[in-house]
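A.B. asks: Just so you know, the protein sequences line up as chains U and R, in that order. First residue of the first sequence: 1, per the working numbering; consecutive thereafter. First residue of the second sequence: 1, per the working numbering; consecutive thereafter.
I should point out that these hints are in silico values taken from the structure, not numbers from a laboratory. Possibly wrong hints are sitting among the right ones.
The list cannot tell twin chains apart, which means a pair is met if one copy fits it or any two copies do.
As the list claims (entries may be wrong) - Straight-line alpha carbon distances no greater than 20 Å define the calculated DMTMM-like cross-link-like pairs of lysine to aspartate or glutamate that follow: (1) Lys-303 / Glu-260; (2) Lys-303 / Glu-334; (3) Lys-298 / Glu-334; (4) Lys-15 / Asp-275; (5) Lys-7 / Glu-99; (6) Lys-7 / Asp-77; (7) Lys-295 / Glu-220.
Number of protein chains: 2
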Amino acid sequence: MGTRLGKHTVRLDSKPVIQSWAAIVGAKEGHGPLGSYFDEIIEDEYFGEETFEKGESKFLRETFGKILSKGEVSTGDIQYIFAGDLLNQCIAASFGIRETEIPFYGLYGACSTMAESLSLGSFMVEGGFAERAVCITSSHFCSAEKQFRYPLEFGNQRTPTSQWTVTGSGGVMVGKAGDGPRVTHVTTGKIVDMGITDANDMGTAMAPAACDTITAHFRETNLPLNYYDLIVTGDLGWHGKNICLQLLEENGISVRGFYEDCGVMIYDQQIQKTDCGGSGCACSATVLGGYLLDKLSKRELNKILFVATGALHSPLSLQQGESIPAIAHAVSIEMI
Amino acid sequence: MGTRLGKHTVRLDSKPVIQSWAAIVGAKEGHGPLGSYFDEIIEDEYFGEETFEKGESKFLRETFGKILSKGEVSTGDIQYIFAGDLLNQCIAASFGIRETEIPFYGLYGACSTMAESLSLGSFMVEGGFAERAVCITSSHFCSAEKQFRYPLEFGNQRTPTSQWTVTGSGGVMVGKAGDGPRVTHVTTGKIVDMGITDANDMGTAMAPAACDTITAHFRETNLPLNYYDLIVTGDLGWHGKNICLQLLEENGISVRGFYEDCGVMIYDQQIQKTDCGGSGCACSATVLGGYLLDKLSKRELNKILFVATGALHSPLSLQQGESIPAIAHAVSIEMI
Numbered sequence: 001m002g003t004r005l006g007k008h009t010v011r012l013d014s015k016p017v018i019q020s021w022a023a024i025v026g027a028k029e030g031h032g033p034l035g036s037y038f039d040e041i042i043e044d045e046y047f048g049e050e051t052f053e054k055g056e057s058k059f060l061r062e063t064f065g066k067i068l069s070k071g072e073v074s075t076g077d078i079q080y081i082f083a084g085d086l087l088n089q090c091i092a093a094s095f096g097i098r099e100t101e102i103p104f105y106g107l108y109g110a111c112s113t114m115a116e117s118l119s120l121g122s123f124m125v126e127g128g129f130a131e132r133a134v135c136i137t138s139s140h141f142c143s144a145e146k147q148f149r150y151p152l153e154f155g156n157q158r159t160p161t162s163q164w165t166v167t168g169s170g171g172v173m174v175g176k177a178g179d180g181p182r183v184t185h186v187t188t189g190k191i192v193d194m195g196i197t198d199a200n201d202m203g204t205a206m207a208p209a210a211c212d213t214i215t216a217h218f219r220e221t222n223l224p225l226n227y228y229d230l231i232v233t234g235d236l237g238w239h240g241k242n243i244c245l246q247l248l249e250e251n252g253i254s255v256r257g258f259y260e261d262c263g264v265m266i267y268d269q270q271i272q273k274t275d276c277g278g279s280g281c282a283c284s285a286t287v288l289g290g291y292l293l294d295k296l297s298k299r300e301l302n303k304i305l306f307v308a309t310g311a312l313h314s315p316l317s318l319q320q321g322e323s324i325p326a327i328a329h330a331v332s333i334e335m336i
Numbered sequence: 001m002g003t004r005l006g007k008h009t010v011r012l013d014s015k016p017v018i019q020s021w022a023a024i025v026g027a028k029e030g031h032g033p034l035g036s037y038f039d040e041i042i043e044d045e046y047f048g049e050e051t052f053e054k055g056e057s058k059f060l061r062e063t064f065g066k067i068l069s070k071g072e073v074s075t076g077d078i079q080y081i082f083a084g085d086l087l088n089q090c091i092a093a094s095f096g097i098r099e100t101e102i103p104f105y106g107l108y109g110a111c112s113t114m115a116e117s118l119s120l121g122s123f124m125v126e127g128g129f130a131e132r133a134v135c136i137t138s139s140h141f142c143s144a145e146k147q148f149r150y151p152l153e154f155g156n157q158r159t160p161t162s163q164w165t166v167t168g169s170g171g172v173m174v175g176k177a178g179d180g181p182r183v184t185h186v187t188t189g190k191i192v193d194m195g196i197t198d199a200n201d202m203g204t205a206m207a208p209a210a211c212d213t214i215t216a217h218f219r220e221t222n223l224p225l226n227y228y229d230l231i232v233t234g235d236l237g238w239h240g241k242n243i244c245l246q247l248l249e250e251n252g253i254s255v256r257g258f259y260e261d262c263g264v265m266i267y268d269q270q271i272q273k274t275d276c277g278g279s280g281c282a283c284s285a286t287v288l289g290g291y292l293l294d295k296l297s298k299r300e301l302n303k304i305l306f307v308a309t310g311a312l313h314s315p316l317s318l319q320q321g322e323s324i325p326a327i328a329h330a331v332s333i334e335m336i
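Excised from the complex, chain U in its bound form (with noise of 0.2 Å):
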């Protein structure tokens, strides 16, 4: 099953069905352009929890459920999670999920994790080794300040460049039959490292590998470079977006006009001051699991290429000298 169509990517010819989907957020993410996607907007920080990092883990936990529920299935009816999460050891999702007893793959892909996910489970489905898979990754604006940059208390400084980490979670379930969008495309993408060594400027080390992956998706699938309804990157930002779109008209790619970032949608730039957009793994997830699923299976959008991009970095490396390597996965999704 599947057809091999270049080094980078599988068309997968049963096409796997997203059957259901959801996602939740924080107050931030629901007051923005996209409020009203979500399936919840959660005004406390903590969700009713003690730290920041078990409320990451409800977020999880929370649209973990929201997604069987909405499918109409039980924990049962799923064969495999595929989940992570940026915290250290991904505690977001083992916690998130560790009441489930479902057979479990713990993710590390940094913001890229949705499209990983997604891939990995729409593997699963058409290889014939599950009926259903979840797909989902969480992250948090508090857990992630406090881990990979300062303490919120510190009240430090945001640089032009900086992006806001979305609060919540998104995720799918995807599987054998249904009505639903369907994954046509799995383009996985090989790490590139450009040597960019500031890390309040994600965009421009990930724009690199969005547009590797996305020249490589069009390179060996031959589509036309208008195939596509939107071309959707995980979190590079306004500053990182720009990048991309240079770079892959640098490659002879043209999609002005068709190509969005969900850490560009995501947040009103000007009213919310979020400097550069979105970022972390639930930034992509959030709108792929709130606004574009919603959008495709109303048929507003048809066809759309998912791109969400991670930065394979950790505090440590930096401080050690090293460069920020990026790597995104593309998903294409369409309504057939």
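For chain U, the structure is supplied; the task is to place chain R on it using the hints.
C.D. replies: Below, chain R without anything else, positioned relative to chain U:
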């Protein structure tokens, strides 16, 4: 295309072949009982690098190179790398394979990573999505102590149930054809959390997960309990191994005489003063990529059930009063 035998287990009907394997270890592992089975023993714990973390990445990078050279393939022959490690944000893996230009899926399964990567690599081959995948992981005593417990300079006392993180990297290349050992079943674990909170007693935390996965494997495959020459868990250590044996017997599964644990095998407990034995992603990975696959290829072993175990907590989750969720994935490897 795989036959689902139950909730956890898929039989891989094409029986993907482990085409090559390698293990590079540090001094302590090289001086242990399995020393002669490893491809290289590196006396310098920095491996010529400036930091332990960069040293760990080099272990992984060199092991990756060794897998390719032993398999007589080049990077262009590999469709996917599945890799992960214990470091925050899995930097050993991403920096270790940064230059390969191979499509990459990052994993976080703690010390279960070798079985997780081998499972997913085998699924990709069985599903027809890849000709070959490399499945690899690493760990390092010095980087792990520093991150999970205390700086080495502090010289903390070790508790009797503590284990010694294996320094090294092990991995395999799994592909469609060849004469090597074959992957016949994958049993994917679910999270099991028995409420253990002692970070110096990982064996007790992980044994119930190992028992759960082994029990599911026999229940779902209907194989006789003596089907395997060896059932080998990842890094339960002496204490965890005994608990696992006991728990299995409570489930009516008596495997005494053909059950071993990589954490017990890799060090001489008395002479090497490693308390309960080895641990870390590289524990099961180097015993697999060194000893086990060597024994299989020489037909000194014919059928093994490889069960790597992971503890999915973090220092932060423990500080926040959480117990330790654990997981175990099992892979059947057989000479046919």
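A.B. asks: Could you run down the list of hints and mark each one as holding or not?
C.D. replies: Taking the hints in turn, this is what the structure says about them:
1. Lys-303 / Glu-260: within (14 Å within a copy, 52 Å between copies)
2. Lys-303 / Glu-334: within (4 Å within a copy, 44 Å between copies)
3. Lys-298 / Glu-334: within (12 Å within a copy, 49 Å between copies)
4. Lys-15 / Asp-275: neither (38 Å within a copy, 52 Å between copies)
5. Lys-7 / Glu-99: Classified as between: cross-chain Cα gap 16 Å, same-chain 38 Å, threshold 20 Å.
6. Lys-7 / Asp-77: between (33 Å within a copy, 10 Å between copies)
7. Lys-295 / Glu-220: Classified as neither: same-chain Cα gap 27 Å, cross-chain 41 Å, threshold 20 Å.
Hint compliance for this structure: hints 4, 7 are broken, all remaining hints hold.
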